[in-house]
Amino acid sequence: MADKIATRQSYGRALVELGALRQDIVVLDADLSGSTMTKEFAKVYPERFFNAGIAEANMYGMAAGLAISGKTVFASTFAIFAAGRAFEIIRNSIGYTGANVKICATHAGLTVGEDGASHQAIEDLALMRTIPGMTVLNPADDVSARKLLKAAADMQGPVYVRLGRAAVPVIYEEETDVQIGKALTLRQGKDYTIIATGILVSQAADAAEQLAGEGIDVRVIDMHTLKPMDEEAVIKAAQETKGIVTVEEHSVIGGLGAAVAQICCAKAPAKVSFVGIQDTFGESGKPDELLEKYGLTAAHIADAVRAMK
Amino acid sequence: MDKKALQEKAALIRQHIIREVYHGGSGHPGGSLSATDIMTVLYFNEMNIDGHNPLDPNRDKFVLSKGHASPALYACLAEAGFFPKEDLVTFRKLDSCLQGHPSMLKLCGVEMSTGSLGQGFSAAVGMALANRLDGKTSRVYAMLGDGELQEGIVWEASMAASHYGLDNLCVIVDHNGLQIDGWNCDVMRVMPIADKFRAFGWNVLELDGHDIDAILSCLAEARQHKGTPTVLVAETHKGKGVSFMEDQAGWHGKAPNREQAEQAMAELGGVL
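Order-wise, the sequence lines are chains A and B.
When we follow our numbering, the leftmost residue of the first sequence carries the number 1, and every step to the right adds one.
When we follow our numbering, the leftmost residue of the second sequence carries the number 1, and every step to the right adds one.
Next up, chain B with everything else stripped away, as it sits in the complex:
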């Protein structure tokens, strides 16, 4: 997919996110919108995946370690053909495959059940180890939030991935600066993120997480890099694309009302 097509796809994903959270009546729009551009490039350009052959043993895998951004994941999976787009409105409803946080046993295409922060990263390290044991060239991607970096398990996993030289693993940190209680730097300082990963022996790439060209080139660079895992530290904006949600901690885990959802959709070029 070229840059323009990816930008259009990202706009569609953002519309789905607003629809899901509006119809679900709850959910996490802020961190879904900040992760959208990166996830769009992963699902529609970078990864070897096929919604019609979801269990291909040689597929690449994506683990949404920041599981609360499930609306973005479901939107990508629906757009990629893993399940019907009409089902997106069942998000967070009883008997839905679209659980509040992703469940791999409920929805095919979800590679790891996540929601408890940090654990998806560890699982991704295990998946990358398994690929290497099996002699597979397929890759594992994991997306983490920046607040998530406060979890100790993140640094355990980071140490292990580096120790085992897992160059088939690429982590993306969605660094939007905000978490539930406010700015990272006020709640618990996680910066400097890039230096921390460098100290742990990772190949570190820093980028604007909303710049499609930068995402494309960093992912390509990560693929070429050998010997150590790569982390993309992506500067992003929480709520990106919806003016009244941007950089607002209050939109971490809140659904818009009808009026707000309609405004958001208008800004994103869609209708509710």
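For reference, chain A alone in the conformation it holds in the complex:
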């Protein structure tokens, strides 16, 4: 069985590595450094770490000021407080100015678990996608998370990175070439395509495995970059297979599924169905229990593919 690592752990490691390479990197947190793993950076580079306290709006405002002054700023809290609470600060002070801030939001989605619906961001990708110039990333595993975070540091401008609390399987080899805006194909297939994002990519791969046993040949795409989306990968899936199932630990409103459907409608009409959170709030529970109850497991994904027939 593959190793399991939470993408927030990958974030902590990537920050320490980046901090050694680049003096311009500054990290902010809002009293959650032990959970977002920015404490790893704070331990090594205390002079470049600032705790904003429980004040996310001001944290993202300060991040803008630091970035406009030449710093590359990584500013972290839970996704609900970043994309949710601080939305308008991110929109006006970071998006509108093009500030070089990397909004690294952890504890996204239902797999926050026991903390319950108040802490389960299921709309963050939708919110961040609407901001002009915002790059939106949602890595699936440890390897792609670290590579995408480094790519985010190397590009100029605002980036939203969605990271998870729960440990998830490592699916990529260390040598895998991961680039912002270029989808990864885990598995080729000619019958249907599953386009997944974030920590459900491994569930999508498992679903394809199950379906293969039934003689259904499924392509699996990891759409780690929600924006700018790899349109070519979507169009090819629409044209070369008989239908697309999108998979996300996010509301079906405004996230991956909506973006894929938009591309298909405009450029390559295809049948699309949506595995995601169906316009409802989550609740307390273990991550696996929640994925099961809200229809986000490999079995649910496989069912969605079968239903396309």
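Please note that the accuracy of each hint is not assured.
Calculated cross-link-like contacts (lysine-lysine; reagent style DSSO-like; alpha-carbon spacing at most 27 angstroms) [what the hints assert, rightly or not]:
1. A:K190 / A:K271
2. A:K43 / B:K136
3. A:K236 / A:K182
4. A:K39 / A:K4
5. A:K286 / A:K39
6. A:K227 / B:K106
Calculated directly from the structure, the hints in this document are not laboratory data.
With chain A held as given, fit chain B onto it using these hints.
Relative to chain A, chain B alone:
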């Protein structure tokens, strides 16, 4: 610049404000006129800035957190040589660099895009932190309205600036007492302002925001103060300098018609 020259410059800035808002057909004259004397002293005496070298890495920075006072900012930047004064009449027009609220990507010299109240203050705190990280002696100034103090982010930023001991940051509160819906004390009481900042650990200076000598001496005192950020709580009058606009909430965000603009210009010693 001496006091007399600063007073003359302030009169010119006020004339520009009326021209901008008249030609723009909309905008915020009241809070621009109340902030004029302080901004004039900042731009033409206090700050180390150069309109012909606007990106000097060692420059001081001014953030207009009360971004609706953009006419005053544009007037100062034009007078300081950041862009041609003739462009002031394009204020709020399509394709103009002079957006309704300041945009740093549209106009060089604008240090931070503002308009959504409170956010400029937070950005200024970040800029002051960056200066300190880089070992720079340059300073950051931020101007806030008094109604703006009702935004929660203001007190988050205030706490952070104090916590990090940012003595390279100077905030000015343009306390004209009025906001869109009326007097602060009727809409949402923000007073006592000085006591609030004192409680947050700031060095607080209170002054008449139209008294050039007082502005000069408070800014000098702020520069000398070490260990904590300084706030200047400046008592001002909305619409200062134009008789029919003074202390009138109705002139918060309204353009004068031609007759009113001509009268305003006459009172300010200029022509439209």
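### Distance restraint between A:K236 and A:K182, which requires alpha-carbon spacing of 27 angstroms or less
Holds, at about 13 angstroms.
### Task
Measure nothing beyond the straight line between the CA atoms of A:K43 and B:K136; if it is 27 angstroms or shorter, mark the hint as holding.
Holds, because 25 angstroms separates the two Cα atoms, which is no more than 27 angstroms.
### Query
Do the alpha carbons of A:K227 and B:K106 lie within 27 angstroms of each other, as the hint requires?
The hint holds at about 25 angstroms.
### Given pair status - A:K4, A:K39, alpha carbons within 27 angstroms
Measuring from Cα to Cα gives roughly 21 angstroms; hence the hint holds.
### Query
Taken at face value, is the distance from the CA of A:K39 to the CA of A:K286 at most 27 angstroms?
It holds: about 25 angstroms lies between the C-alpha atoms, which stays within 27 angstroms.
### Task
Take a quick look at whether A:K190 and A:K271 sit within 27 angstroms of each other, Cα to Cα.
15 angstroms, holds
Checked against the numbered hints above, the structure violates none of them.
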